[in-house]
Structure formats: C-alpha cells, structure tokens
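Heads up: the sequence lines are chains A and B, in that order. Each residue of the first sequence is one higher than the last, beginning at 10 in this note's numbering. Each residue of the second sequence is one higher than the last, beginning at 30 in this note's numbering.
Just so you know, the hints here were simulated from the structure itself, not pulled from any lab data. Honestly, I wouldn't trust all of these hints.
To be verified - Across the chosen pairs, the derived CB separations fall in these ranges: (1) Ser19(A) to Val136(B): 21 to 27 angstroms; (2) Glu90(B) to Ser19(A): 16 to 22 angstroms; (3) Arg32(B) to Trp124(A): 25 to 31 angstroms; (4) Leu292(A) to His116(B): 24 to 30 angstroms; (5) Arg38(B) to Leu321(A): 53 to 59 angstroms; (6) Asp180(B) to Ala178(A): 45 to 51 angstroms.
Unchecked claim - Restricting the straight-line Cα-Cα distance to at most 25 angstroms, the calculated cross-link-like pairs of lysine-lysine (BS3-like) are: (7) Lys368(A) to Lys100(B); (8) Lys285(A) to Lys259(B); (9) Lys368(A) to Lys204(B); (10) Lys285(A) to Lys278(B).
Where a beta carbon is used, it is the ideal one built from N, C-alpha and C, also for glycine.
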Amino acid sequence: MTPEMVERLSELARQVQGYIYPNEIEIHWSILIVVYPYLTGLVAGAFILASLVKVFNLKEVQPTYRLSLLTALAFLLIAPLPLLLHLGHPERSYEVLITPNPRSAMAMFGFVYAWYLMAVLLLEIWFTYRRDLILYARGERGLMRWVHRVLALFSNDVSPEAIAFDQKAVKVITIIGIPSAFLLHGYVGFIFGSIKANPWWSSVLMPIVFLFSAIVSGIALVILLYMVILPFRGEPIDMKCLDKMASFLFYAVIVDFSLEFLDFIHRLYESEESIKIISQLVLNKLIISLLVMQVLLGMIAPLALMVAIKLLDLNHELRKLLYFLSVLLIQLGIFSTRWNVVIGGQMFSKSLAGLTTYKMELVGIEGLLTSIALLILPFLVLAVLLKILPPWETPERVALESTATG
Amino acid sequence: MNRRLFLQRIVSLLLTLGLPVGLFTKKPAAAAVKNGKSGAKPFYGMGIDIDKCIGCAKCMEACKAENDVPKEPFFFRTWVERYVIKHDGSVSIQSIGTATNPSSETVVEKDILRSFFVPKLCNQCANPPCVQVCPVGATFQTEDGVVLVDDIRCIGCRYCIQACPYGARYLHPEKQTADKCTFCYHRISKGLLPACVEVCPTQARVFGDVNSVASPLTRLKRMNKIHVLKPYLNTEPKVYYANLDGEVK
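All chains should be built: construct the whole structure from the sequences, respecting the hints.
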C-alpha cells in the first residue's frame, strides 16, 4: 500500500459519522459508475424517441429520427468504457463473455449490450442509411467513396422493391428495438434494485425509475443537439418538431417525477428499519445533490418552465431559450439522479448506524477529469458519425436522388 | 414451416428458456444445509459465544498474520465490535483496533446498562448473495460450504462487496481483487482449526461441521439459544451466535 493511499483512507476515516463496518471506509463504486448508467440512459432514451417516430408514424418529430439513432449509437459505443476503466483487472473483462455466471445480473451486461448494439441499433441504422450510402458512394471519389461502400456492405440495389424492403425491415427492428431499449436500461436499474443488502437500492421500482429517467434524459439530449446543430448549419429550427419533442419530454418528466415521488412516499410511510439512516443520508450528505440539484433544479424548475411555455403565448425566440434552459437543467438533474443512486447508496453503512464520505479524485483513472473526458467522448464520436452519415437532407443527396430516380 | 425454420425456432426457444432457468437453480451446497444431509464431505460453520468474548483482538491479529491481510487498519477479514448500551437507550458501537475508531470512547460506568463484544467475519452464508452476483463466477461456494474468491479469475468489479450485507469483503489493495475470510481454508483442509479459533484464549469461537452430531459447533448450538445476523435477508449464515443481543447490527 502506498503512503498516499494510507493518508487518503485515514482522512476518510476521520470523517466517518456514527458506526460503520471497518471495511466500509472507502466507497467502491466511484464517479465512473455514475457516468455509466447516465450514458446508457441517454442511449435508451434517444432510441425510444427514434422509435416513437417509426412506430406511431409521428411526422412532426421526423427531422430528429436519424439524429436520435446516431446519438444512441455514439453513446452506446462509449458506455462500456467507464465500466472497463473501473475494473480492478480490465484485462480479464472478456471473462464476463466467455465464462459468465448465469445467476449474475451483471454478467448479462455483455449479452444485453451485444444484442442491443448488433441486433437493434446497427441493423436499424444500416437499413435506414443503406440507400443513402449507395447514393453517396456513387457520387464520391477516394476514401469517402470506399468508406460509404464498405458501410453499405457493397450492396448496390436502389430499386423500389429493395427500398420497400429496407423500410419494412426498419419497422420490424423498431418493434423489437423498443423492448430491447427497455431491457437495456431496465436491466441497469435491476443491477442496483436487486441488491437486498442495500435498502437505498433494493426496490422493485428501481428498473422502472431508471427507464423513465432514461427516456427523459435521452429526449432532452436530442432536443439539445437539435437546437445546437441546426443553427450551426444555418438551418431554421422546426418549431413544430421542437414543440412536439418538448411535449413528449414534459409527459416523461411527469411520469418520472411521479415514480420517484411514489418511491419517496412509500419509504417514508413504511418507515422500515433503514428510515433513520436514510433520513440522515438525505439530510447530511445528499441535500445539495438530491433536494437542490435533482428535485428542484432538475425536475421542478424545468417542469415549471415547460408549463409556462404551454400556458403563455411566447414568441419563438423566447420559447427556444426556455426549452434550451429546460433541457440543460434536465441533464443536470438526471446526472444528479445517477449520482444520488450510486454514490448515495454507498455513503451509509450496512450496519445502518453510520455514514461515510466520498472524496472524488481530480486526476487518476477514477477521477473527475476522466469522467469529464468520458462525457465528452460520445459527442466526438457523434461528430464523426454525423460526418459519415449525415442525418439531414444534404444538397448532394437531393441531387443524387433526382438522378437515381430520374 | 420448413425444417430449417423449425430448427431455428427450437434453438431460439431453448436459448430464451435456458437463461432464466439459470437464475433460479440452487447450488447443491445450499440444499445440503437445509436437508441436514451429511455427505462424505463436512459442511463447515462457526459458533461464537458472545458471553465468552473479552475483546482481546487476538483473533484479528492472528487472521492478519495467517492470511496476508494488509496490515493497515482499513482491511479486515475479521474484527471485533464493542457494544455499549446506556441507560438512556442509546447504543455506542466501535470496532476495536480499526481506523474508524482510533481512540476508545470512555463511558462513565454508571451510565452503562450492558456491554459486550461481538466478533464478526464472513458469515459463509449457505445462500450467499456474493456468489449470486459475481459476473464471472470468481466467488464460489465449495462443497464443504465455504465461500471462496478465486483471485486469478476475479475481475475486480466489486459487485460482491456491494451485495454482502455484513461488510465482510474488501478490495485487496495490491491484488485489486475481492478478499474475505476463507475460514482459513488452507488450514481446515488439513484438519487444522481456523487461526482465529486456534488463538482465542476463551474459546469464544468454535468451529466444526454443521451436520455432525459431535462437533464443538453442534455442542454450542445444543447448549445455547442461537441467532444469526440479519436472518430476514434469507442469506442463511453459518456463523452462529450464542447469546447475541438484539441491538447487534
């Protein structure tokens, strides 16, 4: 053991309140494990938004369909990274895939992840983009031509029958995709919710709360991206599309808020053995991150803003500003939600008699800087994806379409 | 439906049914303690008599020396808690000799209603949540009922540490794998006693086969009222406490 580690643990030990078991001084799941469910939540939410467009044929939200899919992919590609970095032995991580314990919720991660990536997201994106990839490749030279040809898997058929098949395939995959997205994030909730040793986590509502908070964060992220990317491209924001997405967001926030409120009331009313330590936890350790950031800033404030937008007849600019503010606050709120679940759940002792502290590192693998990097990385991946697979009608595509059909 | 389609459907059906079945299968060891069957192999457990423990912490020292537990006071395979219950009903708990309690709190004698020591260690549960959650099966239950960690296979995800209701596990700072009490498996498999049992000056700890009629453990269980920690979690601990106080968490 290094002297720094001894010093760090001694410092934490001095801050213990009440009685904790001697092995509980240090929190075992750090900020990286906060980032992981946050990222997967964004994946599931963005995908569910995309699915709404296809399944219910919502014309208004159509402009964000492809953007949502690419967002989901970009975040899904990065989502396992925080887990990998957190492992004591990342070089052994393949064991989860080759010798999984079928009784372990965590062991199923590899399979749920692989299913979602391979059978849902990549397939849906491929069928959505196949025709465009072929058209792009036809009009290009050099490297990009090859990139698009390889991505199209060298298919070359843009006949109306082939396009019709693509559309049918997308519809089928979407229908499989919705329960898969529910599974992806519901299962992350189950990883926490099934730990009977921890009364803060052990709740049957956990997967459902995770799911709805995922939908909230995913829709909010796509709105945010839509509002940032379009002005950059010099295109006008489609207010109908924005209003419709915001309206989905509004209902999702209400459901999420109700579920979390139900969880809170249920705990308080049942008042089980753990209620004393949980009250201490909330009032001592989570007052800022739970009451202020998650509930007040992350839920009540954006709800109030969205109600104001619905009730008042505001002009476009003001509406956009308020939407923008709401989705930023919602991201803050959902990140705090993940923090409160993961870190909050480890700050009290399983003896239910004391509290410990989490001191985040700045540098180092499990530090703040790594986490920020992991939160930025999906946006970089998304930028590359947007370059290769533009989700909007490019002038080149329009020209190609007319030549292909003409 | 052609034959190929039929076979495909059969395979997918088996896959869908097969995974959930794995979730509900019970390990043979857990079944053994329930049925009280004594097979060829023993099924180990430990008994602790609270009234005999004097809080000397010899067990903690012996454990650290025997099992290469890091010397620093943040990692323990076993520890001893001191409970002081006062007249006003308040309870003061300390783990003697650990970092969380560097100096003992002094309590005026007349305020004390009752006081006692509680040795703690891995409960070697017959229905262990740590084994259930380990994604790679690095934590497993032996046929003789001991829960062990294979440190060559452990990936250091720490899910088992979260799942243990007793705080018995820690992440070994050098090995970066989960670690906990093994009942001194290297000793008991040679017929020796666990180090903590061996050094206990008052025989507060006894060790033996749960299903044997003649082990010191069975004697303890016959002569005393027995309780286990957190029985409501259905982990079926195999560390049995005699004279355990209801305040013990």
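Structure-based check of each hint:
no.: 1; hint: Ser19(A) to Val136(B): 21 to 27 angstroms; result: holds, 25 angstroms
no.: 2; hint: Glu90(B) to Ser19(A): 16 to 22 angstroms; result: holds, 20 angstroms
no.: 3; hint: Arg32(B) to Trp124(A): 25 to 31 angstroms; result: holds, 26 angstroms
no.: 4; hint: Leu292(A) to His116(B): 24 to 30 angstroms; result: holds, 28 angstroms
no.: 5; hint: Arg38(B) to Leu321(A): 53 to 59 angstroms; result: holds, 56 angstroms
no.: 6; hint: Asp180(B) to Ala178(A): 45 to 51 angstroms; result: holds, 47 angstroms
no.: 7; hint: Lys368(A) to Lys100(B); result: holds, 23 angstroms
no.: 8; hint: Lys285(A) to Lys259(B); result: holds, 17 angstroms
no.: 9; hint: Lys368(A) to Lys204(B); result: holds, 23 angstroms
no.: 10; hint: Lys285(A) to Lys278(B); result: holds, 14 angstroms
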